[in-house]
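Please work from the sequences and hints to get the whole structure.
Going by my numbering, the first residue of the sequence shown is number 3, and it counts up by one from there.
Any given hint could turn out to be false.
Label pairs and their calculated CB-CB ranges [stated by the list, open to error]:
no., residue 1, residue 2, range
1, Arg80, Gly153, 36 to 46 Å
2, Val161, Ile140, 17 to 27 Å
3, Lys49, Asn107, 23 to 33 Å
4, Ser83, Gln152, 39 to 49 Å
The hints are simulated quantities; they were obtained by calculation from the structure and are not laboratory data.
Computed from a predicted model, the values in this text were never measured in an experiment.
Quick reminder that beta carbons are idealized off the backbone N, C-alpha and C, glycines included.
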Amino acid sequence: LALIACHSGSSEFIFSDKDSEVLPTGQNDGQYELLAHVERSIRANLKNFILRTEPTTGDSLLAGSCAMALCYIHRIIREKSPTMKMNSRILVITGSGESVSQYMNYMNVFFTAHKENVIVDVLSMEHDLGLLQQGCDITEGLYLKIPQLQGLLQYLLWVFLPE
3 LALIACHSGS SEFIFSDKDS EVLPTGQNDG QYELLAHVER SIRANLKNFI LRTEPTTGDS
63 LLAGSCAMAL CYIHRIIREK SPTMKMNSRI LVITGSGESV SQYMNYMNVF FTAHKENVIV
123 DVLSMEHDLG LLQQGCDITE GLYLKIPQLQ GLLQYLLWVF LPE
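Following this line, the structure appears as structure tokens:
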């Protein structure tokens with residue numbers, strides 16, 4: 003599991019189970035210790051990412067984040083044992099608009115993902131994104147523009163989690 007955040011200025015890993023170490027903290031209201039660790043790490047790193055972000059204009063670096071995810075997947079596949087089978091997916095959750103200026107970057111990501119058998123799913127919170135929808139088609143992923151932001155958790159659980 004890895005989580006990458008991006009905006010118009012940078013992309014960075016918010017969580018990577020490859021580089022994290024679970025520190026025993028005791029039982030927390032019956033929550034599984036590993037999930038509690040993941041939640042704490044994501045909250046802290048996302049907060050730091052947001053606080054370091056300075057307001058800028060420009061396109062989101064989403065294509066670069068997808069490329070980072072593909073590199074991470076490639077590294078994990080290379081390090082695993084040959085008998086271990088891995089099904090990789092990238093889930094893009096975005097509220098930004100279309101970045102047509104990054105068309106070639108997106109196409110490189112989508113065709114590389116297709117070649118590596120990595121599925122790209124997209125959940126768009128605001129806009130219809132034809133370019134990302136095309137990427138989902140290329141990689142045989144799911145594309146969903148949610149009609150109401152209040153239903154985000156339900157869409158994540160019912161549409162993307164079963165995959």
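Here is what the structure says about each hint:
Between Arg80 and Gly153 the C-beta distance comes to about 38 Å, which sits within the given range of 36 to 46 Å. Checking the proposed 17 to 27 Å range against Val161 and Ile140 shows it holds: the Cβ atoms sit about 19 Å from each other. A hinted range of 23 to 33 Å for the beta carbons of Lys49 and Asn107 is consistent with their spacing of about 28 Å. The supplied range of 39 to 49 Å is met by Ser83 and Gln152, whose beta-carbon atoms lie about 43 Å from each other.
Checked against the numbered hints given earlier, the structure satisfies every one of them.
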